[in-house]
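Engineer: What follows is the residue order along each chain.
2 protein chains.
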Amino acid sequence: MSGEKGFCLWFTGLSGAGKTTISKLVEHELRDRRSRVEILDGDVIRENLSKGLGFSKEDRDTNIRRIAFVADLLSRNGVPVMTAAISPYEAIRGEARETMGTRFIEIYVKASVEVCAERDVKGLYKKAFAGEIKEFTGVSDPYEPPKAPEITLDTEHQEAEESAAQVIAYLEERELIPVREGAVV
Amino acid sequence: MSGEKGFCLWFTGLSGAGKTTISKLVEHELRDRRSRVEILDGDVIRENLSKGLGFSKEDRDTNIRRIAFVADLLSRNGVPVMTAAISPYEAIRGEARETMGTRFIEIYVKASVEVCAERDVKGLYKKAFAGEIKEFTGVSDPYEPPKAPEITLDTEHQEAEESAAQVIAYLEERELIPVREGAVV
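Chains as they are written, first to last, in the working numbering: chain H, 1 to 185; chain W, 1 to 185.
Next comes chain H alone, as it looks inside the complex:
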């Protein structure tokens, strides 16, 4: 198999939940299997496709729609793609699901605000609680958890490596990725 089955791993969750870390581990594994893959990171997309947009609901929606537009272009051409934006609103994720159909795989990267704030890798929660960042998801802006995600990753209780393995196992089960070279199957 030559990795020609396009799909979209749509990671969603709070800042600090583990979206980027896990998506990079999955990317690494896919590349090892010689599968194509692109990560549409929230920050990269904001820089290249959404400069000038802010963090109001309307601007967030526009940003997420653009990510979905590009994810659809890639995945419908057989390129596996991962998105790792917070994507807090159920309705817009629903639009992406509608566009991509069975190619859309929603992954809820689950961790509470308390745990994410404790990790506070980028120091953003501290600023958000101090009121220095407005419209911060989970603090001063809503996060709507997925109602029926294809995969839920409980990052409060498992390591990033276990979460990545869970995603890979799902993709193998659906026969969406090449088997590991040298693997006995």
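Keep in mind that the hints were calculated from the coordinates and are not lab data.
It cannot be assumed that every hint is accurate.
Since the list gives no way to pick one copy over another, a pair counts as held whenever it fits inside one copy or between any two copies.
[Stated by the list, open to error] Below, simulated DMTMM-like cross-link-like pairs (lysine to aspartate or glutamate); rule was C-alpha separation at most 25 Å, straight line:
(1) Lys5 to Glu29
(2) Lys147 to Glu159
(3) Lys126 to Glu114
(4) Lys126 to Glu29
(5) Lys51 to Asp41
(6) Lys57 to Glu47
(7) Lys5 to Glu161
(8) Lys5 to Glu38
(9) Lys51 to Glu90
(10) Lys122 to Asp41
(11) Lys51 to Glu135
Given chain H, work out where chain W should sit, using these hints.
Structural biologist: Structure of chain W alone, referenced to chain H:
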């Protein structure tokens, strides 16, 4: 060959020069050969990635940079892509070329303002000459022709079908597309 060689056919030229018509003919031929292909049409991109942008030099540049960003994502993953925006400025087309390297194939769709205005398929030139549309390329806004395009299509002196055949011949020569099924080679 499974169409896995990504490239970007970057059509550039005045409104009415024939970019969209020719790109659709090329698309049709590629699909007949079971090659993947995406057209990034100027209007579609404006709707999905650049809503809110106008036609000032700065906004045009931003729009073209977004098209180039997406064209690069697709082509570097083996998906042939065509862009059919006016893309009037040499410098921004140069950026796209730098990003995509040998995947970037610039196609100058050549027709004078006079001929395009005579065709006036969308009735835009009439409005532009009447001053109803500001910043209209070729009339009230500059068009910088490519200095060294890979392909020049003289649409004043040849039909769209001939232009499309010229593009296909170029792609065949560079072995970027599958040969026609049943073709004797």
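Engineer: Decide, hint by hint, whether the structure agrees.
Structural biologist: We went through each hint and held it up to the structure:
1. Lys5 to Glu29: both (16 Å within a copy, 23 Å between copies)
2. Lys147 to Glu159: Classified as within: same-chain Cα gap 23 Å, cross-chain 55 Å, threshold 25 Å.
3. Lys126 to Glu114: within (12 Å within a copy, 62 Å between copies)
4. Lys126 to Glu29: Classified as neither; 33 Å inside a copy, 57 Å across copies.
5. Lys51 to Asp41: Both: 14 Å inside a copy, 21 Å across copies.
6. Lys57 to Glu47: So Lys57 and Glu47 pass the 25 Å test inside a copy (18 Å) and across (19 Å) alike.
7. Lys5 to Glu161: Result: close within a single copy only, 24 Å intra versus 33 Å inter.
8. Lys5 to Glu38: Cα proximity of Lys5 and Glu38: in one copy and across copies (13 Å, 17 Å).
9. Lys51 to Glu90: both (23 Å within a copy, 22 Å between copies)
10. Lys122 to Asp41: Only inside one copy: Lys122 and Asp41 sit 16 Å apart there, 38 Å across copies, limit 25 Å.
11. Lys51 to Glu135: both (18 Å within a copy, 23 Å between copies)
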